[in-house]
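Going line by line, the protein sequences match chains A and B.
For what it's worth, my numbering labels the leading residue of the first sequence as 33, then goes sequentially.
For what it's worth, my numbering labels the leading residue of the second sequence as 1379, then goes sequentially.
Honestly, the hints are just simulated from the structure, not real lab data.
Since the structure is predicted, the reported quantities are computational estimates derived from the model, not experimental observations.
A portion of the hints provided could be inaccurate.
[As the list claims (entries may be wrong)] For the chain A half of the interface with chain B, some residues (derived, Cβ under 8 Å), not all of them: (1) 40; (2) 43; (3) 46; (4) 54; (5) 57; (6) 58; (7) 59; (8) 61; (9) 64; (10) 71; (11) 75.
[To be verified] Counterexamples of contact, computed for chain B against chain A with all Cβ distances above 10 Å: (12) 1387; (13) 1450; (14) 1499; (15) 1578; (16) 1582.
[Claimed, not checked] Computed Cβ-Cβ distance ranges for the label pairs, DEER-style: (17) A:56 with B:1545: 28 to 36 Å; (18) A:63 with B:1565: 21 to 29 Å; (19) A:73 with B:1575: 29 to 37 Å; (20) B:1565 with A:60: 51 to 59 Å; (21) B:1425 with A:73: 32 to 40 Å; (22) A:55 with B:1508: 24 to 32 Å; (23) B:1617 with A:48: 27 to 35 Å; (24) B:1387 with A:45: 40 to 48 Å; (25) B:1586 with A:67: 28 to 36 Å; (26) A:37 with B:1459: 52 to 60 Å; (27) A:66 with B:1425: 37 to 45 Å; (28) A:51 with B:1557: 17 to 25 Å; (29) B:1424 with A:67: 23 to 31 Å; (30) A:44 with B:1538: 39 to 47 Å.
C-beta: ideal position from N, C-alpha, C; glycine also.
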Amino acid sequence: MREAMDPWTFVVASYAVGVGATATMVLWSLLSMRRAEKRRDEARKR
Amino acid sequence: MHGFANPARFLRIARWLMPLCMGAGIVVAAAALGWGLFLAPAERLQGETVRIVYLHVPAAWLGMAGWMGIAAASFTELVWRHPLAGIAARACAVPGAVFTAVCLVTGSLWGRPAWGTWWVWDGRLTSMLVLLFLYFGWMALSQASEASDGGQGAGRAPAIFGLVGAVNIPIIHYSVIWWNSQHQAPSITMGKSAMAGAFLWPLLIAMLGFTLIFAGCVLARMRAILADRQAEARLRRKALSEAEF
């Protein structure tokens, strides 16, 4: 006999993966952009 | 289009367009996911697990759109040698790979309750996995090419790889039509939909929201790569001028 699965476990896990990965990518894109532009501005000042 | 290939003009536009895309995308995607999670109805056969569609389909679309962006930028780089084309291709790679991975993981999480298995080696799933490996290969080749030409551009080899890899996109799209598949046939095609409005609207809004986030990330990556190259060029010029004296 197959045990009944709770569908919400799969829904919540999917949202956690999707939202977590998107949020991480957004933060990484913004931080790497800020770091690179700061480095360029410092190179211009030298 | 050639006008946008000027890095200074691109930066002027990207400075206001990037936060606009990112901010609007986050608001629209959050609203669509809230709608899909709490307000949209459960489906008659799939029950509550249908709510995964509001993440899975936008991720699949953007995984493929990312590679189409790489292919278009590669073509532009090979034919017109636009200075920003190689940068645009590099900027599409990470967001495209992330959304492809999200599509595969959410699809697997959907497959377990819907099909009774996490994974099947059918046309749709396998061609999507191939796309993820193509992204990894493209990123490795692009990085190697960048290191060998001293950071002057993405290079010809990644551009050719980007164009050749685009053959996988129609294979992904038509896989469920060409071969017997566990995966369902397309629910949304040009001009018509097999989905009821209660599922379709939050899905379309989620696709818009995630597309705006994707565009914001690509613009932010382009600004980062451009700034890195400008800093490198300035430091190299300075080192050369100091060596002359």
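Worksheet entry | Structure-inconsistent hints, enumerated in ascending order | 7, 18, 19, 20, 21, 23, 28 and 29
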